[in-house]
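Participant: Listed here are the chains, written in short residue letters.
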Amino acid sequence: MDAMDCKKAQRLFDDLAHERLDAETAAQVQRHLAECTDCRVLEQRGARLQRLLSLKRYERPAPEYFESFLSEFHGRLLAETQRTGWWERALGRMENVLAVGSLRMWRYSFASAVGVAAIVGLVWTGVRQPGDIAAQSGAADPSLVVAETMLPPPHSTPSAIAAPLTGLPRVSTVEYQPPAAGSVVLVPMSTRADSPAPRYVLDRIAVTPASYEVASVHF
Amino acid sequence: MKLKESLKLGGRFLRGTDDAAPAAAPALEREIDLQHEDDETLVRRAQKGEPAAFDILVERYKERLYATVYHMTSNHEDANDLVQDTFIKAFKSLRSFRGQSSFYTWVYRIAVNRTINFIKRRKNRNQFSLDDVDSSIQNDPDLVEMMSHVTPRREAGLTELHEKLNEALQQLSDSHRAVVTMHDVQGMTHADIARVMKCSEGTVRSRLFYARQQLQGLLSDYL
Chain V
1 MDAMDCKKAQ
11 RLFDDLAHER
21 LDAETAAQVQ
31 RHLAECTDCR
41 VLEQRGARLQ
51 RLLSLKRYER
61 PAPEYFESFL
71 SEFHGRLLAE
81 TQRTGWWERA
91 LGRMENVLAV
101 GSLRMWRYSF
111 ASAVGVAAIV
121 GLVWTGVRQP
131 GDIAAQSGAA
141 DPSLVVAETM
151 LPPPHSTPSA
161 IAAPLTGLPR
171 VSTVEYQPPA
181 AGSVVLVPMS
191 TRADSPAPRY
201 VLDRIAVTPA
211 SYEVASVHF
Chain B
1 MKLKESLKLG
11 GRFLRGTDDA
21 APAAAPALER
31 EIDLQHEDDE
41 TLVRRAQKGE
51 PAAFDILVER
61 YKERLYATVY
71 HMTSNHEDAN
81 DLVQDTFIKA
91 FKSLRSFRGQ
101 SSFYTWVYRI
111 AVNRTINFIK
121 RRKNRNQFSL
131 DDVDSSIQND
141 PDLVEMMSHV
151 TPRREAGLTE
161 LHEKLNEALQ
171 QLSDSHRAVV
181 TMHDVQGMTH
191 ADIARVMKCS
201 EGTVRSRLFY
211 ARQQLQGLLS
221 DYL
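Quick mapping for you: the protein sequence lines, in order, are chains V and B.
Here my numbering is used: position 58 in the first sequence is 58, and no number is missing along the way.
Here my numbering is used: position 81 in the second sequence is 81, and no number is missing along the way.
Hints are computed from structural coordinates only; laboratory data are not their basis.
Quantities reported herein were computed from a predicted structural model and do not represent experimental measurements.
Here a beta-carbon is modelled for each residue, glycine too, at the ideal position from N, C-alpha and C.
Some hints here could point you the wrong way.
Computed footprint of chain B on chain V, listed as stretches where at least three residues anywhere in the stretch have a Cβ under 8 Å from a Cβ of chain B [stated by the list, open to error]:
#1 36 to 49
#2 52 to 58
#3 63 to 71
#4 74 to 82
With the hints as extra help, turn the sequences into a complete structure.
Facilitator: Here it is as structure tokens:
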């Protein structure tokens, strides 16, 4: 039978004290303790420490301390439920449903997930539509996309101003023409002369200064 | 009798009814019968919407959970709050409890994790409240033997001993303190502690070993 070393014996002191060792191992530890003074001192100190710690079990409130525990728990639970928003409750229910591991529940969960994904997809497609139109209109030659802003002409009558705007910015493609003298040309700062990337040029903006004066009002 | 009243109140509260209907008597009898059911059955019934079953579980484990949390925090008010929170969390998550561990292990794990998080948050707070030491400790043979060579003045020695014990425990790391509390104070087995702390038994043994080494140094005057 192998002799037990100090390290292994020290790891087993706790099990020895609680009688959790088989007879053979317990005998080995006992033999080691009989031979090794250091381990014997350690074992005695450990046993005293455990007795000391076990005194903490006396630190407990009087039995009547727990009498109102359940009613207090109900009060807190009610307050917690009232404080929780409907979305949190819904989320909690969803979590609970997802947590139940039955196949039928998983089917429902999967179907719900597919449904949500479909709705999100449709909404996303709807949001993307205006941008797609712009891209399609410039598809022939993206370098020739020109924005024309149609603003109401000056000296508009009040009725004309109140009328719904029909001249919102439109996007159309025209042949690129060199800018005429005096027109406003906007070139992106990042565009470099040596860059092979297509240039996006805002060719012209039909802007006429707006006037807030009403020339003539006829009733 | 008090438990009967408590159950009656609890059941009414959770069902949202407030009338003292005569039909409540058989229901009350049924609730009393629940006390004899095992944890698994009570959990299943609570999951199916029978809140009185959960009340029995609260009654069954409140003191044990309280003791563990108290020994980790050394404060009765904090312990009370944490155990209440633990049961609220358990009640709200009950449907997600799949029975892979026992209810006791599950709820214990919630309590220990909540307590460890709480201790991390409150690092610098005053922690002691030693006004609730059971008077029967005076007759404990271990204490009598220990105190006989520490100090002849047992009363003063007892208060000092508890203060030293709590101070020493508070100096351990959170996980070491949890292991010492569960093993040496509560008397749980390594296997149960490993399940609660979601670690191996070897890790529990190792933490216990190092925690005791540290405690032996801190409490050398009493050893």
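Participant: It remains to establish, for every hint, whether it holds in the given structure.
Facilitator: So, going through the hints one by one against the coordinates:
1. 36 to 49: With 4 residues closer than 8 Å to chain B, the stretch 36 to 49 of chain V meets the three-residue bar; holds.
2. 52 to 58: holds (count 7)
3. 63 to 71: That given contact holds, which follows from 6 residues of the stretch 63 to 71 of chain V lying within Cβ reach (below 8 Å) of chain B.
4. 74 to 82: holds (count 5)
Checked against the numbered hints given earlier, the structure satisfies every one of them.
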